[in-house]
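Take the sequences, apply the hints, and build the full model.
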Amino acid sequence: QSVLTQPPSVSGAPGQGVTISCTGSDSNIGAGYDVHWYRQLPGTAPRLLIYDNTNRPSGVPDRFSGSKSGTSASLAITGLQAEDEADYYCQSFDSSLSGSRVFGTGTTVTVL
Amino acid sequence: QSQLQQSGPGLVRASETLSLTCTVSAGSITSRSYHWAWIRQLPGKGLEWIGSVYYSGSAYYNPSLKRRVTLSVDTSKNQFSLKLRSVTAADTAIYFCARETGVTWFDPWGQGTLVSVSS
Numbered sequence: 001q002s003v004l005t006q007p008p009s010v011s012g013a014p015g016q017g018v019t020i021s022c023t024g025s026d027s028n029i030g031a032g033y034d035v036h037w038y039r040q041l042p043g044t045a046p047r048l049l050i051y052d053n054t055n056r057p058s059g060v061p062d063r064f065s066g067s068k069s070g071t072s073a074s075l076a077i078t079g080l081q082a083e084d085e086a087d088y089y090c091q092s093f094d095s096s097l098s099g100s101r102v103f104g105t106g107t108t109v110t111v112l
Numbered sequence: 113q114s115q116l117q118q119s120g121p122g123l124v125r126a127s128e129t130l131s132l133t134c135t136v137s138a139g140s141i142t143s144r145s146y147h148w149a150w151i152r153q154l155p156g157k158g159l160e161w162i163g164s165v166y167y168s169g170s171a172y173y174n175p176s177l178k179r180r181v182t183l184s185v186d187t188s189k190n191q192f193s194l195k196l197r198s199v200t201a202a203d204t205a206i207y208f209c210a211r212e213t214g215v216t217w218f219d220p221w222g223q224g225t226l227v228s229v230s231s
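Heads up: the sequence lines are chains A and B, in that order.
Per the numbering used here, the very first residue in the first sequence carries number 1; after that it's consecutive.
Per the numbering used here, the very first residue in the second sequence carries number 113; after that it's consecutive.
Source of the hints: derived by calculation from the structure; they are not laboratory data.
What you are looking at is a predicted structure, and each value in this text was computed from that prediction instead of being measured.
Please note that the accuracy of each hint is not assured.
What the hints assert, rightly or not - The list that follows gives simulated cross-link-like pairs (lysine to aspartate or glutamate, EDC-like), each with its CA atoms no further than 20 angstroms apart:
no., chain 1, residue 1, chain 2, residue 2
1, B, 157, A, 52
2, B, 178, B, 128
3, B, 195, B, 128
4, B, 157, A, 87
5, B, 178, B, 219
6, B, 195, B, 160
Here you go:
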């Protein structure tokens, strides 16, 4: 039921940067609803990485940044580290689905 | 900072009801700033929002699960609960509870409970 589309995988060498896109529509991101990002390490619960499009919770390094434009949002990771290998999910709200919170399809980041 | 601790069985028979509880510590479940949510992750798949409940009992559900789900809150125990009726093998998943700030982001999350549905 994912209405937010992410690339299945992205990869980069240590120290490099990657960007993960999150594409929605006029009933979610395009309607002005905020986008949030989570990182899920293998075998653990997701952890909030970015909230309200661009904000980092306390403890999240500034290597992580978020942006939003039109019907899409992006998560950028700079200075890739081995510990960044994980699954990343975007999340927003969709007005066409009766109060539904919606997640992206998820992206696996591989550090080469 | 609230912490969430999940409890409940890891095995449920098909056609029966899946029941999980999430206990909130270091914070009150009656805070007006939060909803309390359940999210699941099917094996090898992404995240699926099940529903969110306010301390008053007012709840929002994923339309695809709405017919079978009930969320509730026990303010005396600082707990909230999930009941999913008539489960099938397709409901086998890791179930997470989480605190939802307003109607926005989820943080923190519970540790997750793998629930398998047996035939």
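> For the pair supplied as a hint, residue 157 of chain B and residue 52 of chain A, is the alpha-carbon distance within the 20 angstroms limit?
Replying inline: 25 angstroms, violated
> Are the Cα positions of residue 195 of chain B and residue 160 of chain B separated by 20 angstroms at most?
Replying inline: Roughly 16 angstroms separates the two Cα atoms, so the pair holds.
> Are the Cα positions of residue 178 of chain B and residue 219 of chain B separated by 20 angstroms at most?
Replying inline: 23 angstroms, violated
> Between residue 178 of chain B and residue 128 of chain B, is the straight-line Cα distance small enough, at 20 angstroms or below?
Replying inline: 16 angstroms, holds
> Given the proposed pairing of residue 195 of chain B with residue 128 of chain B, does the C-alpha separation stay at or below 20 angstroms?
Replying inline: 10 angstroms, holds
> Regarding the pair residue 157 of chain B and residue 87 of chain A, is the alpha-carbon distance no greater than 20 angstroms?
Replying inline: 11 angstroms, holds
Violated hints, listed in ascending order, are 1, 5; each of the other numbered hints is respected by the structure.
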